[in-house]
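If you want the building blocks of each chain, they are given just below.
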Amino acid sequence: MINHSKPIAMLLLVCAFVLNACSGSTSSEVRLQGAGATFPNPIYQKWFSAYNQSHPNLKFDYQSIGSGGGIKQISERTVDFGGSDAPMKDEDLKAAKGEILHIPTVLGADVITYNLPGVATELKLTPEAIAGIFLGNIKHWNDPQIASANASVNLPASEIVVVHRSDGSGTTFVFTDYLSKVSAAWKEKVGVGASVNWPAGLGAKGNEGVTGQVKQTPNSIGYVELIYAEQNKLPYASVKNSAGEFARPALDSITAAAAGAAAQMPEDLRISITNASGTGAYPIASFTYLLVYKEQQDQSKGKALVDFLWWAIHDGEQMAKDLLYAPLPSEVVKRAEAKINSITNQGKPLRTS
Amino acid sequence: MNSMSPASANTHRLSSFFLKRRGRLADQLFKLITLLFALAIAGLVVLMIVEMARDSSLSFEKFGPSFIWREVWDPVREQFGALPFIYGSAVSSIIGLIIAVPVSIGVSVFLVEHAPRSLSTPISFLVQLLAAIPSVVYGLWGIFVLAPLLRDTVYPRIQSTFGFLPLFKGTPNGLGLMTAGIILSIMIIPIVTAVATDVMRAVSRTQPEAALALGATKWEATWIVIQNARSGITGAVILGLGRAIGETMAVTMVIGNRAQISASLFDPSYTIASAIANEFTEATTETYRHALVELGLILFVITFVINAFARLLVWGVTRGQGKGAHA
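Chain order of the listed sequences is F and R.
Residue numbers for the first sequence, in numbering that gives the first Met the number 0: 0 to 352.
Residue numbers for the second sequence, in numbering that gives the first Met the number 0: 0 to 326.
Among the clues, some could well be false.
[To be verified] Here are the simulated BS3-like pairs of lysine-lysine, each with C-alpha atoms no more than 25 Å apart in a straight line:
(1) K88/F <-> K168/R
(2) K293/F <-> K232/F
(3) K138/F <-> K168/R
(4) K347/F <-> K333/F
(5) K61/R <-> K188/F
[Claimed, not checked] Beyond 12 Å from chain R on every Cβ pair, some chain F residues (computed):
(6) K45
(7) G68
(8) D166
(9) T171
(10) G202
(11) K214
(12) S341
Hints were generated in silico from the structure; no laboratory data involved.
From the three backbone atoms N, C-alpha and C, an ideal C-beta is built for every residue, glycine too.
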């Protein structure tokens, strides 16, 4: 399938070039195509429509097909930008048709949500308890590993129903990445991935599937993006971070996790911030990235893209909190600025002002 | 006029010749075009098989035929096997059939043998209506209505009576093979009923009527109809099986999506179709993608064989009946 899409993509590219050549230098419509992660889709759509109001000639088309699809499409150059929750792997970067940059846009977090009839107090979970539950080793709610951190809560003796994602997902990637860091058993038995071989539980499709399943199954536990638990009024647990304190998932504690990790951020900005150090940091969080080529082939498209990215990490960040995304900490914005400034067309930087 | 006549006759002959020729040519052309369409369908099937075989080559190279009976599905370590999915597809479909077939045949017998026209029309209409409900709606209903009902009322009762059987062990949480089978049974009742009704209407009336005339009861006469229609009914059942085994959306919402083979029908399971639908978008490595395509190929072959078998059986009845009616 992929092989067949290549010639079509080439044809489209050729068409695009011909059309551009015909329209010449007059300020014609520029269309930027993107594909990738579903998690940031709501904020991206908001950005596109807001940016489009000040730039009516620029049209966006973002297909939220999943991070894996986004990486594949940007690697094949069938889109102008990709979206991914997990940073690209080294071998994927090598396979791409040119140098790809990671521009962090916003932050998200997986929350551990649960349905415990009769328990009104918010639970506190240690990394050991979370790993034990999802490994299937902790089978009952009143297990000492859960109870020890929740002395004031009267936990039932009922069996735990674990709910996880059945479809491949960036949410799962972040969650398994976290578990692999805090549990050697998890790392060895299961590992990290957008879909993994779950040792326990039921699979449900999508964040909305897991949310629905937890909501209607008593004694269940699952992981979803913060916004889904919030919108469905499901309770979520505070998680013990590497500094030893229980952090409640909230926009500030997610940004705190990113700020804590910023110092160790590598040159290419690819970093996992799960289990981040730093006080107040919520440990199951991640950046989501836009993926763009460093060398843009089309001058007008490249220019439009670079200006949009600049706008997104500055003005765009103001809109994040309304949609329950955590904005980038200022030190990460500075690093992203440098990346955007390095984008070129025929070797010339596209960002001028 | 006279001098013109041979020429005009010639012209007439010539034009009628061309008309005929053109008519024949058009016929030929039309035949050729329709032949092309027909061949395109066959070509499409062949192309699909070739494409799927090509796109599953990596997984085939790595696992060989053992892919079919391996039990592991681990995308992280790239170890894949199809057995849990084949098991889940087969068992959920069989449960669906066990529930749907008696109901469907009962409905068909009622419609053909007993129902007055004023009742048979609305009932067949309602049965057909079941087929028109999108499967995602069945799935939603399954999650929010059926699963809690089964979990809280039906399954505990089954367990208290038959709990000693391994089939009904474990803690039922409402999602699993059994629930998937029940949803599937509702989804295949329309097709099984429709085909079974047609087949029963098609078999000869002479035998049951003769039996009634000789003093047989209504039940005995009905039994003759069922006997005569049995291969057609088998065909209907297998068509239902074909539908059940390929169902994706409704099943994935209630089956629990867990690649395991467990004796208990209350445990979660997974089907081939749901696995493909769930995992294809994020199948980022080549081997993973190829393994999913190979699953698709297995499903394709299974449904192909099932449907071919069903068609043969249904044709057998209707053709045999055509001859019988004239004799």
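Comparing the hints with the structure gives:
Taking the CA atoms of K88/F and K168/R, the gap is near 44 Å; set against the 25 Å cutoff, the hint is violated. With a C-alpha separation of about 42 Å, the suggested pairing of K293/F with K232/F is violated against the 25 Å cut-off. The hinted pair formed by K138/F and K168/R meets the criterion: a straight-line CA distance of about 17 Å does not exceed 25 Å. Taken as a hint, the K347/F and K333/F pair is honoured in the structure, with Cα atoms around 21 Å apart against an allowance of 25 Å.
For the hint pairing K61/R with K188/F, the CA-to-CA distance comes to about 22 Å; that is within 25 Å, so the pair holds. With 12 Å as the threshold on Cβ separation, the claim that K45/F sits away from chain R holds: the shortest Cβ distance comes to roughly 23 Å. At roughly 6 Å from the closest C-beta of chain R, the C-beta of G68/F falls inside 12 Å, breaking its exclusion from the interface. Listed as a non-interface residue, D166/F fails to keep its Cβ farther than 12 Å from every Cβ of chain R; the least gap is roughly 4 Å.
A beta-carbon of chain R is positioned within 12 Å of the beta-carbon of T171/F; the least distance is around 9 Å. Residue-level check failed: G202/F sits 3 Å from the nearest beta carbon of chain R, not beyond 12 Å. Its beta-carbon lying about 9 Å from the closest one in chain R, K214/F breaks the requirement of being farther than 12 Å from that chain. No beta-carbon of chain R comes within 12 Å of the beta-carbon of S341/F; the shortest separation is about 27 Å.
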